[in-house]
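**Student:** Construct the entire structure; sequences and hints are all you get.
Protein chains: 4
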Amino acid sequence: MTKTANKTRRAQPKEVRKEQLIQATIKCIAKHGLSGTTMALVTREAGLSMGIANLHFESKEKLLLETLQSVTDEYAAGQAAILEGEKFQSTSARIEALLNFDFSARVIDKNKLAVWFGFLGEARSRPTYQRICSRQDSLAEEKITALFQSALDEAGDKVVDAALLAAGYIALVDGLWLNSLVDPRRLPWKKSARAARHYLATALPKHIKPGK
Amino acid sequence: MTKTANKTRRAQPKEVRKEQLIQATIKCIAKHGLSGTTMALVTREAGLSMGIANLHFESKEKLLLETLQSVTDEYAAGQAAILEGEKFQSTSARIEALLNFDFSARVIDKNKLAVWFGFLGEARSRPTYQRICSRQDSLAEEKITALFQSALDEAGDKVVDAALLAAGYIALVDGLWLNSLVDPRRLPWKKSARAARHYLATALPKHIKPGK
Amino acid sequence: MTKTANKTRRAQPKEVRKEQLIQATIKCIAKHGLSGTTMALVTREAGLSMGIANLHFESKEKLLLETLQSVTDEYAAGQAAILEGEKFQSTSARIEALLNFDFSARVIDKNKLAVWFGFLGEARSRPTYQRICSRQDSLAEEKITALFQSALDEAGDKVVDAALLAAGYIALVDGLWLNSLVDPRRLPWKKSARAARHYLATALPKHIKPGK
Amino acid sequence: MTKTANKTRRAQPKEVRKEQLIQATIKCIAKHGLSGTTMALVTREAGLSMGIANLHFESKEKLLLETLQSVTDEYAAGQAAILEGEKFQSTSARIEALLNFDFSARVIDKNKLAVWFGFLGEARSRPTYQRICSRQDSLAEEKITALFQSALDEAGDKVVDAALLAAGYIALVDGLWLNSLVDPRRLPWKKSARAARHYLATALPKHIKPGK
DNA sequence: AATGAATGAGGGTTCATTCAT
DNA sequence: CATGAATGAACCCTCATTCAT
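Sequence order for the protein chains is A, B, C and D.
If you read the first sequence in the numbering used here, its first letter stands for residue 1, the second for the next number, and so on.
If you read the second sequence in the numbering used here, its first letter stands for residue 1001, the second for the next number, and so on.
If you read the third sequence in the numbering used here, its first letter stands for residue 2001, the second for the next number, and so on.
If you read the fourth sequence in the numbering used here, its first letter stands for residue 3001, the second for the next number, and so on.
Just to be clear, a hint being listed does not mean it is correct.
As the list claims (entries may be wrong) - Listed next, the stretches of chain D that the computed footprint assigns to chain C, with coverage defined by at least 3 CB atoms under 8 angstroms from CB atoms of chain C:
#1 3031-3039
#2 3058-3067
#3 3081-3087
#4 3133-3147
#5 3174-3183
To be verified - Below, simulated BS3-like cross-link-like pairs (lysine-lysine); rule was C-alpha separation at most 27 angstroms, straight line:
#6 B:Lys1158 x A:Lys206
#7 B:Lys1110 x A:Lys112
#8 C:Lys2112 x D:Lys3112
#9 C:Lys2112 x D:Lys3209
#10 D:Lys3060 x C:Lys2060
#11 A:Lys143 x B:Lys1062
#12 A:Lys209 x A:Lys87
#13 B:Lys1014 x B:Lys1031
#14 A:Lys209 x B:Lys1014
#15 B:Lys1209 x A:Lys60
#16 D:Lys3143 x D:Lys3027
#17 A:Lys206 x B:Lys1112
#18 A:Lys158 x B:Lys1206
#19 D:Lys3031 x C:Lys2060
#20 C:Lys2209 x C:Lys2087
#21 C:Lys2158 x D:Lys3191
#22 B:Lys1110 x A:Lys209
#23 B:Lys1112 x A:Lys112
#24 C:Lys2158 x D:Lys3031
#25 C:Lys2190 x D:Lys3143
#26 A:Lys62 x B:Lys1031
No lab work stands behind these hints, which were simulated from the structure alone.
Each residue gets a CB set at the ideal place from its N, CA and C atoms; glycine is no exception.
**Tutor:** Pasting the structure below:
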């Protein structure tokens, strides 16, 4: 139970309440699944009243959509900081950072991943979910393709297809997340991270070492 | 809508009806998502009456479980035929066959994959789903690890970890399926297949060629 | 489970099948209550197929009605044999026999009483049930009133109202049955019988002794 | 149909709504029988919407149980006021009051008795019903036995068994209620009351007169 | 005469949404 | 803004009844 709400129930800026509800939704989806997430559960988790969700979001659908968007936006922001930011200059450093980022605590947070795969599981029959998930992956794919292209260029490798490598990396990370999320005993997070590193180390040996 | 059933009520062996209902369930999950799949929709899809599903399965839950089991069993059987059958003798042939199998029309059937990922998306909050999905992956992992170990042994490679390679392959295939399923325009099935091949060709160059 | 039915399911005279189904219905009502008695349960108890009940009785309602009638008829027949038969000549003997009959094993059979009170509980809202139950009690009341009147006449008692005594006796027996049926630990059958005897012994001291 | 409720939805304290629903349930059971009582009927009778019953009671079962409890509690309270209260001091007065109470308008209310016998009719197959009904009768039996014992002591009667007399009285009243409820033409309420009085007047002649 | 798979109306229950307070 | 009792459509499930065999 996470009752951040003050007892007095004083009016709060719209954005604060929305964020509070989105966080509660994330927890609910992780705990009860997407289909098991009800408005009552979400608002109780937020320590607020039943009607509040429909006040700030128009409907359950909108709340879910904004929750998904929130999760993908956060990931996208973190990824963009690495791929486009000034902190990392060399190609190697960026790739290394990407790898670390994709298996950092903030990213492999069970709650957020549960949201991601919860929506992905329904995406095929829900064009709106599909659009949000796809946009996220499209964005990532472009940037990662460019990054890997740089690495291949630096290595003088003219054979390997950067786009294929990028698509493979994204899919691999998705698959590792999913497998570790569903059964962490079979695929511990550590092993997931090593598998991802192994993938890049094999494909881009000059930039990434198997290490760790 | 697949109304093979005649208007006149005709008794059928239990197994025939169950199979008919499972097939209808698969289609429904693909079309409406797991949460959008109702008994009414399933039985209408099967061209039968509402009550029939509870007659042959005890509850919706049981119907869904048997549907998931049916999909995983079919995959497991096909995979076992390759990994344990006598048709393929050499390690290379087996790996090649596995790759082809994983991207064969029967496996990358959108309906079946929608079922698989629909359940996976809810697996974390549903122990029963989790168990079925995990058992499937555990089984596959053991066999594939053994296969890859043979390949590495044959190649004299004592560095690469077969278990890591197998976990990576399974995750990669999962990720590719998921990405192609959700947005086939971004990741066409052909590209998925190539990405998987590329993964194995890089890791086991003596056994698999980039090809195609 | 009472499978009197022969394995070969040979056709049986209509009356045999009907009786078989009525007996199964009695057991079902005793076991599951009137509202918990389903056609499937009844036919399974009889060791027959689901459709058979609607073949021999027109509907569930008819089956239930005939079951109630069967129970009341059996009681009425036994009672009539005492009150109208030639076996007992003296008033005393008849009253004594009535008392013994009302608490004899055949009458205080839990199954039959469960049927009786199951229907009585619904009688107010079901005119058909009400009619059958009332006819039974009316019949009994007339005969018992006459019997008690003879006793009072023989005793020279001109004060006590035979009709009131009879109505009281019938109600008392109903009440004792009901209380012993619902909670035999609180009111054991033996005690019930003694209470009924006590009632008659007090009202008709010349004919019935407290005894036992 | 009792639509005290206004058309405009107006929130009410939980207890008010529960009581409203219990009263509606009592009417429904009286009108349609226990098995004919549906949630839709009850809520319509209360002039409320279908979902309300499951909002205040968790299930139909709970609603029924609380309804039965309400009816037995009301009876128990009235009876306790006589048997334990200070209003009546002499044994005679208490017995007289008990008799009048048991056939007072509030007690022989057709709706409440229909509930009582509706549940009793199913009690044998429903342990929960059985428990509530039995507790009620056990309580009454103890108190009435004590009261009758006092009367017998006062009369110097050392022969009659007070417990038997009490059990008989309870059963007789039950039986009279049931017979009058099911067929008031055959056994008018007035006659029922006289029969009960006759029972006590015969057994406890020093305390109760045949009267009326 | 007998079977039991199939039907579908009707039941209890859930839950997104509304709105008087 | 915030509340939560109230609503009612839609869900899953049961079961009396039907009918091809």
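**Student:** Compare the structure with each hint and give your call.
**Tutor:** Checked hints:
1. 3031-3039: holds (count 6)
2. 3058-3067: violated (count 0)
3. 3081-3087: As far as the region 3081-3087 of chain D goes, the hint is violated, because 0 residues have Cβ atoms under 8 angstroms from chain C.
4. 3133-3147: holds (count 5)
5. 3174-3183: Contact hint for the region 3174-3183 of chain D vs chain C: holds, 8 residues under 8 angstroms.
6. B:Lys1158 x A:Lys206: 21 angstroms, holds
7. B:Lys1110 x A:Lys112: Satisfied, since the Cα-Cα distance of roughly 26 angstroms is no more than 27 angstroms.
8. C:Lys2112 x D:Lys3112: 26 angstroms, holds
9. C:Lys2112 x D:Lys3209: Not OK: lysine 2112 of chain C and lysine 3209 of chain D at ~38 angstroms, beyond 27 angstroms, violated.
10. D:Lys3060 x C:Lys2060: 25 angstroms, holds
11. A:Lys143 x B:Lys1062: 44 angstroms, violated
12. A:Lys209 x A:Lys87: Roughly 21 angstroms separates the two Cα atoms, so the pair holds.
13. B:Lys1014 x B:Lys1031: Status holds; Cα separation ~26 angstroms.
14. A:Lys209 x B:Lys1014: 58 angstroms, violated
15. B:Lys1209 x A:Lys60: Measuring from Cα to Cα gives roughly 50 angstroms; hence the hint is violated.
16. D:Lys3143 x D:Lys3027: 30 angstroms, violated
17. A:Lys206 x B:Lys1112: Given pair lysine 206 of chain A, lysine 1112 of chain B is violated - Cα atoms ~40 angstroms apart, limit 27 angstroms.
18. A:Lys158 x B:Lys1206: Holds: lysine 158 of chain A and lysine 1206 of chain B sit about 21 angstroms apart, inside 27 angstroms.
19. D:Lys3031 x C:Lys2060: OK: lysine 3031 of chain D and lysine 2060 of chain C at ~21 angstroms, within 27 angstroms.
20. C:Lys2209 x C:Lys2087: 21 angstroms, holds
21. C:Lys2158 x D:Lys3191: 19 angstroms, holds
22. B:Lys1110 x A:Lys209: 37 angstroms, violated
23. B:Lys1112 x A:Lys112: 26 angstroms, holds
24. C:Lys2158 x D:Lys3031: Given that 27 angstroms is the threshold and the Cα spacing comes to 42 angstroms, the pair is violated.
25. C:Lys2190 x D:Lys3143: OK: lysine 2190 of chain C and lysine 3143 of chain D at ~22 angstroms, within 27 angstroms.
26. A:Lys62 x B:Lys1031: 22 angstroms, holds
The earlier numbered hints that this structure contradicts are 2, 3, 9, 11, 14, 15, 16, 17, 22 and 24.
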